[in-house]
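Student: Those protein sequence lines, which keep their order, are chains A and B. At position 214 of the first sequence the residue is numbered 214 (our numbering), and the sequence of numbers has no breaks. At position 410 of the second sequence the residue is numbered 410 (our numbering), and the sequence of numbers has no breaks.
These are computed hints drawn from the structure, not numbers from a lab. Possibly wrong hints are sitting among the right ones.
Pairs count within a copy or across copies, as identical chains cannot be separated in the list.
[As the list claims (entries may be wrong)] When the alpha-carbon atoms are kept at most 30 Å apart in a straight line, the in silico DSSO-like pairs for lysine-lysine are as follows:
no., residue 1, residue 2
1, K436, K401
2, K43, K326
3, K196, K88
4, K215, K530
5, K179, K326
6, K408, K166
7, K385, K166
8, K245, K196
9, K125, K401
10, K342, K279
11, K142, K385
12, K196, K508
13, K125, K88
Read off the chains here:
2 protein chains.
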Amino acid sequence: MDDGRFAAKRVIGDVVSAEADVFADGHDLISAVLSVRHQNDKKPREIRMRPLVNDRWRAEFPVESLGFYYFTVEAWIDHFVTWHRDLKKRVDAGVSGSDLDVQLQIGLAIIRGAAGRAGARDRRKLETFIAMLESGDAQSDKVEEMWSEDLLALMWRNSDRSLATKLAAEYAIEVDRRKAAYSTWYELFPRSAASKAGAHGTFADVEAQLPRIAKMGFDVLYMPPIHPIGGTYRKGKNNRVIAEKEDVGSPWAIGGTEGGHTAIHPQLGTMADFERLVKKAAETGIEIALDIAFQASPDHPYVKQHPEWFQTRPDGTIQYAENPPKKYQDIYPFNFETVEWKALWNELRDVVRFWTSRGVKIFRVDNPHTKPLPFWQWAITELKKENPELIFLAEAFTRPKIMYRLAKAGYSQSYTYFAWRNAGPEIAEYFNEITKPPVSDFFRPNVWPNTPDILTEYLQFGGRPAFTIRLVLAATLSANYGLYGPVFERHLSAPREAGSEEYLDSEKYEVKQWQKNDDDLSELIALVNKIRRENVALQQNATLKFHPTDNENIICYSKTSADGVNVILTIVNVDPQNTQTGWIELDLVALSLDARGGFQVHDLLSGARHNWNGSRNYVQLNPHVVPAHIFRIRRRVRTERDFEYFL
Amino acid sequence: MDDGRFAAKRVIGDVVSAEADVFADGHDLISAVLSVRHQNDKKPREIRMRPLVNDRWRAEFPVESLGFYYFTVEAWIDHFVTWHRDLKKRVDAGVSGSDLDVQLQIGLAIIRGAAGRAGARDRRKLETFIAMLESGDAQSDKVEEMWSEDLLALMWRNSDRSLATKLAAEYAIEVDRRKAAYSTWYELFPRSAASKAGAHGTFADVEAQLPRIAKMGFDVLYMPPIHPIGGTYRKGKNNRVIAEKEDVGSPWAIGGTEGGHTAIHPQLGTMADFERLVKKAAETGIEIALDIAFQASPDHPYVKQHPEWFQTRPDGTIQYAENPPKKYQDIYPFNFETVEWKALWNELRDVVRFWTSRGVKIFRVDNPHTKPLPFWQWAITELKKENPELIFLAEAFTRPKIMYRLAKAGYSQSYTYFAWRNAGPEIAEYFNEITKPPVSDFFRPNVWPNTPDILTEYLQFGGRPAFTIRLVLAATLSANYGLYGPVFERHLSAPREAGSEEYLDSEKYEVKQWQKNDDDLSELIALVNKIRRENVALQQNATLKFHPTDNENIICYSKTSADGVNVILTIVNVDPQNTQTGWIELDLVALSLDARGGFQVHDLLSGARHNWNGSRNYVQLNPHVVPAHIFRIRRRVRTERDFEYFL
């Protein structure tokens, strides 16, 4: 990453393949090693690099511990292997007599040099070869000894590296747990978790929903801020500037008389209730993710205790958030460049620490692009040093270079532009960018069809099929995806006003109760998540491959597991209104299929199986029935008794 | 280049365009400068960068002095321009009263800060603004003053850069004279320059040829080594291992009893003759280029005076060159890693200095890839520090990465794979690689259809048309090109043996006399070089653009001058045997042509003019007549009286 300035990202169990251009003047042979160490290793481990073609060399190593690995490359002109290669050529060409004697003398000098560098054990072994070359043995016997594998290994271990070249930089790889690369998120507002009409939800209500959420196949439950909510300039329903008395405010207006970022909104429950929720969720295979929104309401305790952490205006008041001429007087941004920045930065890092000590290991960070990049780089590094299991999701919807730079600063996952990529070609273009190097080395997409802030035009006008389409795309294009759950399940699509991406009567400003809905998408969601769980191909992005189609409304792409066995081919009609038909042109090599043999496509959504032959196939998809195929490719297997089945 | 590790190359008069991604967290405005200095400048000069799109910024500067320029980028969040932008928004939105007063107070504080940083002159001017803001003037008057261009300029000059970010590296650009980018080379062996049969040519004979070479349009005359030639293990005719008594040997077996790399072969003339040749050549617009071949014959004075500069074998003999089991006993390579390397390196650098002091500024370096890269980097840097007019051409025919690395080490020009790129698509692919960044930033191709070592199969079997085709391609594809002249003019094509790229009876081992030949290519060469001289589009490579054709045997490409006025469109039939026809599809935008209007193509080879319309045009090229068009595009110009002509 950027010549060693940032770490590349991998997860436990990945195999890192490191390549380097290694060459020198002249025709001598080169040796090269990849020198690798984990942050806890005392000494680096060396892996011999092997030449590919065109002066490109490679070595591979698996990453098996969390935290940072560092690697660099060292290479040198290897006089022994050069001499050894040339000796072989001379012998093969029939060189003998004094000409060959001189060569053996040259080899002897090189071996003596190695013996001088070697430890006692290797030295004794090398001395045997030296004695033999110095002896009166026949020339042919001496030459014969030179082909010994032992000698090659000894000389490799004690090679003359005094003029070796080492890369100037050490390159870093940060290794996360697997969940950083494969996770399925469900977002809900805990205050809307009660089933009783008019009631304010509690952590206990959320606990009651865990089995349902687990059954749908989610493994991360993310809750917007759970802290006390400010009263000053509180926002009313639909983000009105003046709130009514009963309005509950936005959870992102953090801080009230009851406390700030380390306190819990009293109506949600106690700290004990929260810790119980974390524990119960873990028992159902779900991790609780919290929201980190580093801003304060005017009622936040920080405002009185640490006014120096905010910007003060010439009239003595504290600077509220604004986008001139619009004012957001319910929010005070922190002044990260305050003279007291060290105290502020430490305090904010300790907010995360506080929740980590309560069992939370996943954080979704609100608007990280409006806080300094150096702060995130420092804070995430500090926190992950203590706990390398932490996962940070950056909620930055901003310019691409800033989103990428946040990922380089240490974010484990990132929100994307997925919600606004609806046409076939733009989906392919965007996913080719974010799932291939260099971007995929540092940026892990987490794609969301909707969020409490994003109700796209596509969902507003596409009806239920639009939701189905976006669900299938999110779940099969990206190994990390999430849903703003209760609203998505019910495919709610009414905007606050025409042209707005805000929801009408948004939960951000109200308490809701979500009643059971027979037309909801929960069964489809459960099925799609089950397909993800059962097919490792969908648990990574590296092998994502788009296949051409002759209809822009139909996109077709595959993912293949690292071992090539599990292959999922997804075909989606992205038009939520009309049935679309078309021909797809499969890249059979990418699918590990034989161009001559037939194969079976097994639709994991419908259960149907079709036998296909060759690369060109026809599809027809009605969005009002099912707008997609998620095919598992089953290869024809012939047994000894000529009985065929599909694997 | 490689994050500042190597210098990019430009020539005098070029405009350097530097771009950077510049962004920060938050929504504040940014200012950025490109800081540029020439090696002789005491202080860098700052050029304000301007944003393009997507956080990419750019600044440009012309390079007007030889040697190294260095630049870096500095950027900062600019609180004044942010405040200024927001003030405008507020005023436009009708903000007034105390809300606007607070804003003017904030602005006042920023201006006070600038006054504190400013020198006396700017401070006095800023204090006028401060006094005005502090006065009892009407709010609207104060606001009005804020739009002053003077204030913006003052605040720009005294911006708060205490938290500015500067690129870690300084980037270098090496500026050469224009000949490094545009040159036309003629190679001859001076010993074959005599016209009298059987005579050994002299510098005086070369002098006599200068008018003819100048008339053909060449501006560099390159001679293989002019030094005494070794006698020990001298090679005979056609590289035979045993020489006859009368054999003259290869000029690359440098050094005899008469001297080494700073001596002149007695039969060529004296040092005074040589200096006279350099002077006479300059008078005809030709520079003499010498060959630098850092190797010694066994008879070289170095061998006796400095045996420590060579590798000694265990039997006490000096190691000759070899490619086991092949021996080249007429050549001793230097041991660049000898313990006495400092003395050796200094001596070799001083060889170049010696010839530079005799007026030579261009050197063609033999096999630089078999000597250490660090040696070249050091020697070229040292030598060009003394004389930035020096030009070094690397004769490295080796793997691409080593060729590129030599260019990065400082070579001004490089031999290429051009001689072996004969099919249309491979020509386009190769030239797209070497004439576009990143390669074109450090690698300046000098393309040769033939050399004394390279008689390609294409020339062996293609007859006279093959020579014509390769001449036109070399001269129009690359601003630097050269011919191994006497042999190319006579389109000699007999190989030493089938499958060999060596010439039969090669001049490398014999003295020749070249007689006038009526069927030679000298007139065509002169015409092609005249076209190069008269069309600046052909004197650079940056705008090279290939246009599609429907016949792989016909390639079509254009070059356009920086100002867009001079446009040359070359169309070549690369099949030397058969007439080829086809449709070409011109990219009219690249040619600065209006899609609606007609235009004229004026063939500078034949003199014919054709009126073309639109992008699709038909061509037919018979290699036995002329295998190419070199069209100058002439645009239709309408005068006031509606009289048309073509510019």
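Student: For K43 and K326, with the copy left unspecified, which applies at a CA distance of at most 30 Å: within, between, both, or neither?
Tutor: neither (57 Å within a copy, 44 Å between copies)
Student: How do K408 and K166 come out at 30 Å by Cα distance, when the copy is not named: within, between, both, or neither?
Tutor: both (25 Å within a copy, 19 Å between copies)
Student: For K142 and K385, with the copy left unspecified, which applies at a CA distance of at most 30 Å: within, between, both, or neither?
Tutor: neither (56 Å within a copy, 53 Å between copies)
Student: For K179 vs K326, is the C-alpha pair at or below 30 Å within one copy, between two copies, both, or neither?
Tutor: The answer is neither: 40 Å in one copy and 60 Å across copies each exceed 30 Å.
Student: Are the CA atoms of K125 and K401 at most 30 Å apart within a copy, between copies, both, or neither?
Tutor: The answer is neither: 57 Å in one copy and 39 Å across copies each exceed 30 Å.
Student: Up to 30 Å between alpha-carbons, please classify K385 paired with K166: within, between, both or neither.
Tutor: both (28 Å within a copy, 28 Å between copies)
Student: At most 30 Å between alpha carbons: which applies to K436 and K401, within, between, both or neither?
Tutor: both (16 Å within a copy, 25 Å between copies)
Student: How would you classify K245 and K196 at a CA-CA limit of 30 Å: within, between, both, or neither?
Tutor: Within one copy only: 22 Å inside, 114 Å across.
Student: Between the shortest in-copy and the shortest cross-copy C-alpha distance, which are at most 30 Å for K196 and K88: within, between, both, or neither?
Tutor: Intra 87 Å, inter 51 Å, cutoff 30 Å: neither.
Student: Using 30 Å as the alpha carbon limit, work out where K125 and K88 are close: within a copy, between copies, both or neither.
Tutor: Answer is within: at 22 Å inside a copy they meet the 30 Å cutoff, but 83 Å across does not.
Student: With identical chains treated as interchangeable, where does the CA-CA distance between K215 and K530 reach 30 Å or less: within a copy, between copies, both, or neither?
Tutor: within (9 Å within a copy, 81 Å between copies)
Student: Up to 30 Å between alpha-carbons, please classify K342 paired with K279: within, between, both or neither.
Tutor: neither (34 Å within a copy, 71 Å between copies)
Checked against the numbered hints above, the structure violates hints 2, 3, 5, 9, 10, 11; every other hint is satisfied.
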